[in-house]
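Protein chains: 2
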Amino acid sequence: MPEAPRDVAHILIEDVHPSVDAGRWPAKRIAGRPCGVEAAILRDGHVNLRAVLLWRRADVEAWSEAPFACVEPGLDRWRGEFPLAAPGAHLFAIRAWTDLYGTWLDDLRRRVESGLQVRSEALEGAALLDRVAAGASGGDAGALKAASARLKGAADRPADALAAAADPALRKVVDRLQPRDDEVTTAPLRVYADRARALVGAWYELFPRSQGAVPGRASTLREAERRFPDLKKMGFDVLYLPPIHPIGTTHRKGKNNSLTAKPGEPGSPWAIGSPAGGHDAVAPELGTLRDFDHFVAEAARHGMEIALDFALQCSPDHPWVKTHPEWFYRRPDGSIKYAENPPKKYEDIYPLNFDSEDRAGLFKEIRRVLQVWIDHGVKIFRVDNPHTKPPGFWEWLIADIQAKHPDVLFLAEAFTRPPMMKALGKLGYTQSYTYFAWRTGKAELTAYLEELSRPPASEYFRPNFFINTPDILPKILVDGGRPAFRQRLVLAATLSPSYGIYSGYELNENAAIPHQAFPDDVEYADSEKYEIRVRDWDAPGNIKDLVARLNAIRRENPALQELSNLRFLTTSDDQLLAYVKRSGGNTLLVVVNLDVHRVREGMVDVPGAAIGLDEGAPYVVRDLLTDARYPWGGRNYVRLDPAVEPAHVFRVERPS
Amino acid sequence: MPEAPRDVAHILIEDVHPSVDAGRWPAKRIAGRPCGVEAAILRDGHVNLRAVLLWRRADVEAWSEAPFACVEPGLDRWRGEFPLAAPGAHLFAIRAWTDLYGTWLDDLRRRVESGLQVRSEALEGAALLDRVAAGASGGDAGALKAASARLKGAADRPADALAAAADPALRKVVDRLQPRDDEVTTAPLRVYADRARALVGAWYELFPRSQGAVPGRASTLREAERRFPDLKKMGFDVLYLPPIHPIGTTHRKGKNNSLTAKPGEPGSPWAIGSPAGGHDAVAPELGTLRDFDHFVAEAARHGMEIALDFALQCSPDHPWVKTHPEWFYRRPDGSIKYAENPPKKYEDIYPLNFDSEDRAGLFKEIRRVLQVWIDHGVKIFRVDNPHTKPPGFWEWLIADIQAKHPDVLFLAEAFTRPPMMKALGKLGYTQSYTYFAWRTGKAELTAYLEELSRPPASEYFRPNFFINTPDILPKILVDGGRPAFRQRLVLAATLSPSYGIYSGYELNENAAIPHQAFPDDVEYADSEKYEIRVRDWDAPGNIKDLVARLNAIRRENPALQELSNLRFLTTSDDQLLAYVKRSGGNTLLVVVNLDVHRVREGMVDVPGAAIGLDEGAPYVVRDLLTDARYPWGGRNYVRLDPAVEPAHVFRVERPS
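Residue numbers (the working numbering), protein chains in the order written: chain H, 4 to 659; chain F, 4 to 659.
Please note: incorrect hints may appear among the correct ones.
For identical chains, the list gives no copy identity; a pair is met inside one copy or between any two copies.
DSBU-like mimics (lysine-lysine), calculated; alpha carbons at most 30 Å apart, straight line [claimed, not checked]:
1. K325 x K348
2. K265 x K325
3. K235 x K367
4. K478 x K325
5. K325 x K445
6. K347 x K155
7. K155 x K445
8. K478 x K258
None of these hints come from the bench; they were simulated from the model. Bear in mind that the values here come from a model prediction, so they are computed numbers and not experimental data.
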């Protein structure tokens with residue numbers, strides 16, 4: 004027969020939150036707000052427990068302690084929180100132990116209150132105090148021994164014994180010094196605290212070269228700054244730039260992705276690298292690094308920070324091709340392979356070989372490039388196609404950057420199968436592009452948002468609801484025109500704390516051609532990826548006022564700055580989508596007509612609990628888009644004409 | 004700058020099932036059925052993966068391999084299964100790697116099919132084969148080298164090159180021998196395979212001493228055997244006996260839990276131990292160990308196995324009190340403490356001290372006691388109050404027993420807060436008592452069953468729906484009488500694969516007194532725990548026919564032998580509970596009137612998917628209780644009079 008175990012666990016700590024895959028990955032939180040922690044702590048028998056929340060920054064060795072208290076005894080539920088004072092990686096653990104003295108004291112109290120004699124119990128308590136005293140020194144030891152003596156002396160006088168034992172000063176000493184019997188500590192769990200922009204932001208994407216007024220000539224970064232007042236008026240927080248690096252000429256793509264560029268065609272910014280430089284350089288037609296610094300500073304003055312594209316691929320003219328041919332895939336004859344998906348060839352692009360023999364050199368150089376841009380004020384990187392690079396590479400790179408620069412954010416531009424989308428969030432990506440652009444129906448929007456806004460996904464995957472991108476022109480925008488642009492804008496801006504548009508959206512641009520890769524889909528005609536566009540940014544029919552209004556509403560209403568507070572409501576029409584977001588006293592109630600062609604009307608059910616009012620209590624909603632006010636209750640009539648207003652964005656106001 | 008990592012992971016294995024707390028605890032399965040395993044396997048890039056399921060019995064060192072294949076490419080979902088040939092602890096892991104040759108071959112095929120030249124690719128393939136050959140020997144090495152040469156030779160003839168590369172015999176050799184690039188293996192996860200009785204069984208609890216015909220005289224085990232034909236007729240699988248050990252006389256409890264027993268009163272079987280023996284002995288009034296052996300054998304002959312109570316507590320007369328006073332809690336004066344919950348005293352019971360200095364000796368003795376009963380044919384232990392003993396003790400004890408006797412089952416009799424109930428399942432308990440006895444409303448029954456029948460709970464917590472116990476007389480039985488007994492019987496027998504009744508249930512016994520511990524509750528009057536009862540087992544109004552019918556239905560319908568197949572249906576009445584259980588071609592559809600006083604009628608919605616038929620397709624249901632047949636469809640009228648039939652237990656039959 005095997006030996007009986009020397010120690011057997013009395014205490015179990017179960018169901019700890021937050022936890023992503025039992026601590027394998029960090030949960031995401033925002034710095035400046037405490038991190039709430041919950042767990043079930045259980046033990047056999049009727050015994051008092053104590054627990055403490057241990058926490059530390061990953062870069063600090065010493066653990067700190069925070070209170071951890073039972074908040075729901077019927078469920079053995081304990082809770083505490085620790086500060087996330089600044090961005091960075093944090094660890095926490097829960098430690099619990101048996102409160103011997105407290106258990107004994109509660110027992111003593113029940114006996115005394117029941118009129119029982121307590122001589123035996125008092126002697127037990129004195130022995131407990133002696134045991135604590137044996138591990139104490141100085142004044143503590145003296146106080147404990149004295150208390151023990153008092154307790155023994157009062158052993159035959161129950162009320163006196165209880166008074167001596169329950170003395171608050173004594174309890175403090177005991178709590179501090181008594182041996183932590185049955186102590187257990189969970190394995191450490193991980194939390195990453197980001198700055199607030201990781202969660203909330205309105206993004207705008209533009210090609211700097213297309214901000215001029217002269218057809219066919221690239222505008223410089225300096226010239227592109229002329230858009231800043233307009234963007235500020237629209238209320239954007241982040242200005243995202245496609246690659247600004249020198250563009251290769253070998254196999255340069257022409258207009259509409261044609262295989263050969265005509266003279267003067269500018270090429271795709273994603274074909275990075277030319278004799279003028281690689282990933283750490285600014286394309287000469289855009290200006291210099293000093294111009295970039297100016298651009299960053301001016302953007303900041305207009306309330307925006309810059310997000311830079313980070314696309315790990317090279318044109319055949321990239322300096323690395325000459326200096327480090329070993330970083331690329333090579334054929335048996337020694338030539339470098341371009342990107343291919345047979346029979347398709349992408350001869351303007353060389354992929355990097357992350358299994359290169361000189362992998363260490365390649366990684367070091369990539370790390371250096373990021374540092375260059377960080378040193379020039381870039382704190383957000385929108386990473387191109389991260390799902391085509393090794394997961395382990397991102398885990399290393401992001402952790403390494405954030406160890407030094409915990410306020411740097413990474414947005415994953417992956418449109419691939421769900422497990423990889425999610426894995427990128429676990430690996431360290433701050434935010435992720437999503438399937439939102441293709442989710443237009445009520446059931447699919449509801450299901451997708453419920454998945455994203457709740458654990459487990461919400462613990463590590465932060466959506467950024469880009470409505471369009473240079474690569475994505477959703478069909479609903481082509482079919483639905485301006486009403487669709489307005490409807491999708493309301494959805495993105497009110498469903499997700501982070502959302503974005505690619506420039507031209509505000510002008511309802513939707514000229515489409517059949518998609519070259521996906522026959523059932525469409526893409527932008529005359530894509531800005533391959534040519535310089537000139538636009539009338541004040542063209543008739545533009546929806547800039549709605550953009551500005553929505554971004555202002557987002558700033559003024561904390562409820563729109565969270566995702567986990569989303570709750571869908573029942574409506575009587577399958578094209579009316581209604582949802583509530585509530586944060587403290589701020590409650591928004593949004594109703595959107597998903598039908599871009601027809602008027603829809605129906606009833607919206609609003610349970611009192613969803614808006615923090617008594618069931619059936621009347622209230623007033625104010626439409627923040629139109630300023631109209633309506634008296635509402637539990638069941639409410641709504642009529643939305645897509646030609647007039649795509650949605651109501653109500654704020655709930657109590658009747659005055 | 005920290006060093007770049009030498010290796011970076013390409014492959015992630017995510018979302019592995021089954022898994023309880025990331026492998027901390029075993030998932031529960033049934034021996035004789037393979038264990039299905041699922042995971043998402045992902046990798047960067049467009050690359051072929053291979054994977055294998057590794058598994059072994061915990062007591063066998065060598066790992067076996069089973070196929071693991073991609074079953075849903077759009078979700079990166081892989082699946083496999085491994086055999087659970089016999090009860091016992093098992094481990095599994097998933098190993099995945101990059102299929103270099105397969106990836107290269109698919110690329111080659113696309114090129115050849117697109118009419119491209121493949122000279123360079125053929126040379127690459129030959130190099131791959133050479134690399135495999137370098138690690139091979141004998142005939143394999145020769146075959147690989149020859150294939151490499153053929154491929155080189157055909158490099159300028161695409162079709163020939165493809166034919167040479169795709170040769171099935173070659174692929175088999177390559178699959179077997181090629182280096183497993185990027186190989187990753189998950190941490191091992193745990194599965195415990197139980198024998199079938201762990202999942203499915205109808206239990207009957209009786210006090211052997213109360214099976215006689217002479218009031219006041221204990222029936223012996225031999226005499227109690229007279230009940231076996233009746234129990235067999237009712238169709239029970241497990242006969243559970245309260246403790247059969249000698250009962251102490253010191254502070255023996257009398258009728259209705261009175262503090263002093265009158266002469267001749269038999270005492271509570273849970274006050275274990277007297278000069279006649281302790282936990283390893285049979286009470287003299289019941290017979291001898293040989294009688295017990297006879298009882299076990301006779302029960303088996305009637306299709307039942309014995310479950311024995313295992314209550315780790317002692318009467319003051321237990322032999323351990325003399326031989327091992329150090330196993331008990333002692334007062335400062337050296338006397339042994341009885342159980343107490345001040346001001347209440349339980350002087351007839353001494354609790355064991357699991358933190359005793361001689362813990363090893365105590366554990367060894369407990370282990371020995373269990374072995375005694377296992378050696379006498381007991382393979383099921385119903386453990387009394389496990390939540391009052393250390394969790395780590397159970398984890399050790401159950402694992403130690405099951406390492407030698409993997410077919411031994413443990414039922415946890417804990418009625419305490421939810422986290423401990425669940426933890427006992429994780430710690431190793433095969434089955435658990437539940438809150439079912441107190442769940443009588445539609446919403447609470449639905450919520451509780453949905454929790455129990457789905458992961459995570461269903462992976463480690465197996466309910467046994469005892470409807471009543473000597474300690475639990477549910478109010479609905481007191482208020483509702485016979486109709487309530489019939490309704491609760493249908494619910495327990497059809498909702499849960501394991502359920503049980505305590506004898507007297509079939510006679511609708513519900514004489515109640517106010518509960519001594521819980522003022523709002525009731526308990527059995529003249530509880531059998533403290534006195535010997537004599538009953539007329541054929542008393543008028545008994546529901547033995549319904550018991551027999553339901554147990555026969557359970558045996559004949561595999562759908563009732565599972566829990567995870569439970570699906571609730573929508574009904575138009577808040578007292579009509581409807582659910583489907585489906586297993587292969589066997590579909591049961593149960594409708595229960597939860598109102599024990601009134602007729603209820605309403606509509607039951609049956610989605611086609613719930614019963615495996617096309618939406619709207621007609622079908623016939625046959626009531627297995629009455630043999631009546633009805634044509635049914637998507638929406639169906641039901642009327643149930645509790646005075647006539649509490650429920651329909653339909654089997655779905657296709658129209659002939």
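Results for each hint:
1. K325 x K348: within (22 Å within a copy, 88 Å between copies)
2. K265 x K325: within (26 Å within a copy, 103 Å between copies)
3. K235 x K367: neither (37 Å within a copy, 76 Å between copies)
4. K478 x K325: neither (43 Å within a copy, 85 Å between copies)
5. K325 x K445: Neither. Shortest intra-copy (53 Å) and inter-copy (73 Å) distances fail the 30 Å Cα cut-off.
6. K347 x K155: between (91 Å within a copy, 25 Å between copies)
7. K155 x K445: Neither: 73 Å inside a copy, 57 Å across copies.
8. K478 x K258: within (22 Å within a copy, 80 Å between copies)
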